[in-house]
Amino acid sequence: MKYLHLVVTGVTGLLLILGTLAMPDWGDPASPASSHVSPRYIEKGFEETAVPNMVTAVLADYRSFDTLGETVVIFTAGVAVLLILRTRRDED
Amino acid sequence: MITRQQSLIVKTVCRLLVPFIQMFGLYVIMHGHSSPGGGFQGGVILGSSFILLSIAYGIDEVKRRFSLPALTVFTSLGVFLYAAIGVACLFLGANFLDYGVLPVAEPRSMGMLGIEIGVGITVMAVMVSIFHDLITFE
Amino acid sequence: MGDLIVDHINSIIYIVLMMIGFYAMTGKTNLVKKLVGMNIFQWSIILFFVSIGAKRGSTIPIVEGEHGHGAELVLEASHYVNPLPHVLMLTAIVVGVATTGVALALLLRIYKGYGTLEEDQLLERMRASSDAR
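Those protein sequences? They're chains A, B and C, same order as listed. Terminal number for the first sequence in numbering that gives the first Met the number 0: 91, no gaps in between. Terminal number for the second sequence in numbering that gives the first Met the number 0: 137, no gaps in between. Terminal number for the third sequence in numbering that gives the first Met the number 0: 132, no gaps in between.
Treat the hints with care, since some could be wrong.
[Stated by the list, open to error] With a straight-line cut-off of 20 Å between C-alpha atoms, the simulated DMTMM-like cross-links for lysine to aspartate or glutamate are:
no.: 1; chain 1: A; residue 1: K43; chain 2: B; residue 2: D59
no.: 2; chain 1: C; residue 1: K54; chain 2: A; residue 2: D24
no.: 3; chain 1: A; residue 1: K43; chain 2: C; residue 2: E117
no.: 4; chain 1: C; residue 1: K54; chain 2: A; residue 2: D27
no.: 5; chain 1: C; residue 1: K27; chain 2: C; residue 2: D130
no.: 6; chain 1: A; residue 1: K43; chain 2: C; residue 2: E63
no.: 7; chain 1: C; residue 1: K54; chain 2: A; residue 2: E42
no.: 8; chain 1: A; residue 1: K1; chain 2: C; residue 2: D119
no.: 9; chain 1: A; residue 1: K1; chain 2: C; residue 2: E63
Just so you know, these hints were derived from the structure itself, not from any lab. Everything numeric in this text was worked out from a predicted model, so none of it was measured.
Construct all of the structure, not just a fragment, from the sequences and the given hints.
Listed below in structure tokens is the structure:
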């Protein structure tokens with residue numbers, strides 16, 4: 000009972016490792032993550048957007064709506080910390 | 000609360016270093032097109048320059064130069080700039096955030112630069128705001 | 000068997016890191032240690048995703064050459080690292096920073112209200128203050 004946390008952690012780790020042994024090899028150029036929409040971003044990105052950095056081209060042009068949502072997330076975090084921590088002492 | 004100032008050596012070194020840190024942060028934002036970087040990375044570097052100043056000089060000195068209402072305005076200014084570029088594309092007849100119709104040379108590249116600047120401003124202001132709130136709470 | 004392990008060495012290492020974070024989240028009773036465990040867990044997942052996009056014998060996803068003259072270059076997809084996991088993980092990093100900031104603010108409030116950050120003492124004081132009402 001004292002070592003319940005360790006046992007649960009170990010069992011979870013073993014199950015996860017067994018699960019990932021069936022995934023594609025590390026560094027495989029034909030893995031499913033690099034096969035469907037990613038070659039189009041690499042091949043057509045420079046001639047459509049004239050920006051050499053592919054990561055910025057995908058982040059700010061092809062997926063710019065997600066970046067707008069992410070900026071709102073960081074803005075909301077600032078507002079949340081402001082609401083939790085800034086108190087106004089009423090002086091009479 | 001950080002109100003105590005550090006020794007003279009620490010204060011002088013920080014005061015000499017902060018302009019170069021801010022210049023590097025601006026370089027990372029603007030050069031995000033051709034080298035690793037972009038809005039988030041440059042914004043965090045700019046924010047950390049203000050945090051370094053407040054560790055060396057005390058939070059009151061930094062609040063005198065960069066007041067708290069101005070900080071709150073800056074957090075919303077970045078998101079407003081981002082959405083304004085998107086709505087400008089709407090008014091010119093295309094979809095939201097479709098930069099091809101902006102009336103500048105190389106419109107997609109310039110649209111990307113505009114939104115990265117907006118993201119950098121918001122991230123810088125939020126970093127300094129969260130740090131200030133965590134420090135001045137008692 | 001050895002080939003299987005070497006081909007998936009990135010998953011195994013990042014799952015070990017993830018389990019370290021998981022043990023810190025569930026096995027420790029101090030709230031700050033739980034928060035640090037959550038951070039380790041998040042970072043292990045981010046690193047795992049970035050390692051999925053690697054390709055053998057490829058370079059960073061930045062096109063060399065002059066800015067703006069793009070129509071003449073022929074780019075092959077297998078020469079460059081997959082940029083999609085990098086993009087998705089930028090968002091994940093920012094979300095992690097936001098979560099950690101709000102969690103630290105909540106911890107400050109809890110400490111001011113109850114005077115302790117240990118889980119069992121905290122539960123006792125919460126029960127005591129709700130019984131006294």
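Check your understanding: Looking at the structure, which of the earlier hints fail to hold?
Key -> Numbers 1, 3, 5 and 9, in rising order.
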